[in-house]
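J.: Each protein sequence line maps, in turn, to chains C and F. Sequential numbering from 108 applies to the first sequence in this note's numbering. Sequential numbering from 445 applies to the second sequence in this note's numbering.
There's no promise every hint is true.
[As the list claims (entries may be wrong)] Simulated crosslink set (BS3-like; lysine-lysine; CA at most 27 Å straight-line): (1) C/348 x C/327; (2) C/170 x F/486; (3) F/486 x C/201; (4) F/547 x C/239.
Keep in mind the hints are simulated off the structure, nothing from the lab.
Residues per chain are reported as follows:
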Amino acid sequence: MSDAKAKSPGAVQTTGHAWDGDIQEFNNPLPSWWLWGFYATVVFALIYWVLYPAWPVGGSFTKGVLNDITFVDSDGSVKTTHWNTRALLIRDLKEGKEARLSQEYMSRVSAAGYAEILADPEMMAFTRSVAKGLFGDNCAACHGAGGQGVIGLFPNLADDAWLWGGSIEAVSTTITEGRYGFMPAFRDTFNDQQLSDVASYVLSLSGQETDATASARGEKIFQTEQGGCYYCHTHAGTGLKSQGAANLTDQIWTIADVNGTDDPASKKERVERVIRNGVQRRMPRWSERLSPDQIKLLTVYVHELGGGQ
Amino acid sequence: MIKHEHIETNAGLLIILTLVVISIGGLVEIVPLFYINDTVEKVTGVRPYTPLELRGRDIYQREGCYLCHSQMVRPFRDEWLRYGHYSLAAESQYDHPFQWGSKRTGPDLARVGGKYSNAWHVAHLINPRDVVPQSIMPNYPWLQSTDLDYSDVQERMRALQKTGVPYSQTQAEYDRNVATFGPDTADKLDILHAEENLMQQALTNDYDGQRERVTEMDALVAYLQVLGTMVDFSRYDEGYFAEFR
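Pulled out of the complex, with its shape left as it was, chain F reads as follows:
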């Protein structure tokens, strides 16, 4: 039996034993996450982001939106009443890294998709006080005047593919996506047609109100408008989600 004094007076041994103890805590908390599948809800509709939404998500991270906005509605009555249905694990399964956040200086954004019009988002991002007088959010006017750089969108999708997001490059991967998500969505997840799909989504929806340009505003608003909209909650009884806890 090693004496406590022996450990305390041997720095090397103390470091090794400290690492062992901390590792046990970490392993117990982290390792199960890799094989517990019971907690990810089986729901339809959740898909990886389209190229335009993905670039919007990159801008969301670049501008540090997550520092003030969480994307995690918790299962409490007050949050349910204000934001809507609580977030599901399944809804962030393709997020790397997830944007749950830990600080709400601004409101939670997990269910912001479809809540406001594109024009509202544009006006609000250029100067939040134009629409919400008491807002303390900074202005992001450059989003509206900066053309979106999407030259590397394929690389970005490939990188995410490596982490397990089902974008497709080969015919086999494409066919798998058709089976999982249906042909329309599978087309949008095709890395080889990423630029084309991005342009098409931006021009069809014209998120920023500038039809002739594809700006960073287009991308960010496209991303915000899809947040929390993928699962149709009317298809499930509430008790169904409790089965995963």
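If we strip away everything but chain C, and leave its shape as in the complex, we get:
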């Protein structure tokens, strides 16, 4: 850059300024590669203006010529339009390289019944890999990346306990329609004593150590019209899948974190809190966000996560 011999004063043009007597400013021309590069961008812009949407004219704009895109619209009709990113996307989603690659498997999965998919290792491999992405984008925020859920908020999908049923049909309905898990709050129905008694009984159902007499009083409330708990949780305490009512006998706790403590009093307190405040959990419906095929893939994936029934 500062090759003194090549650029000695006099060899190149200077701006004519001189500081401190002998410090001068070169007036070198721009490097030719740079200059030609600049001209090339100008030419590029001119060609771009002709081919692509560019200049505003009145209430519209120039659409570009010689650069049409042909795509298949949602209704199956073939349309041709000037180049634009939206048409490009529609074409990409239907005919792009990735789309074509998955198309073959997607159409097979789409046509196959659930039993066929589950029995076919190739279709299952495809389903796992695509549904893993779908699960990550849509389900993992609540149910966790591995489907482990969050106690008290979102059900665990990786175990074999199912609130709404673990059959393929039930899982599919849950994803398509969403669910509203509701247990009424009993804070106005039960006094503190009754709350404590019912909690004792609920804990005794899964073999937790509780006060036998309190538990007996709780049983009376649970199993009669007084509490009416058996409407949804059944007399056996095993729950009703049609209501999303939990099985209370299986030692799996999705709302009250009973297993999170060893202290019996604290266990009871946690169950009491759920009875007092009730439960309201909503899973959104996905039918508007995901296609039937995507829901199908997710159904298989979720069914496989834990113990599908």
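Keeping the supplied structure of chain C fixed, place chain F upon it in accordance with the hints.
T.: Coordinates of chain F only, in the frame set by chain C:
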């Protein structure tokens, strides 16, 4: 003909000519936006925010959510697969200023409405790591404990009305909204009943799970739950949107 040297050695002239050149660039880029209407999609369903959603949007801006979250799904395959339908110009026509953002430290939120339950949003805003262990989003616990100040919601709506958002004050404006949006929505856009409507929406939906209070959480979740839900995309063929480009 002015010599280049003459311009370079006259600072005043240089400034004026520089301004002229830059203005031409700006005018060419900006002016057409005011009269090109072909690019705003004609779709039904897009409406201004209700008073509660509007306050939620204010909180969204106050907390700087836009610094990490964009609200602009671009028409690319990967974004389509992850977020859903790309954003339409029509969908931000009542946004002043729009919240498109330019940085995605967190995910895009243009289609987050209805994707998660209210309870998820509440848990996530109080402590994101309770539900998404790998999240780096800060906690916003005060939203759940701060009562929403909506004393000035009417002024906020009037200010937006000045920028062209069709909130209504007069009977004529109300009637116009009934014709455009239908009676139910027109009621919610009525500035004179803003507080009432805000309270009603917050209490009916109970976004924050605290039935007896209207908190900032109510407002923010109400706003998040409406994002990207106004247009029913099943009503249109995809090619229809390409006609606006």
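J.: If you test the structure against every hint from before, which numbers come out violated?
T.: none
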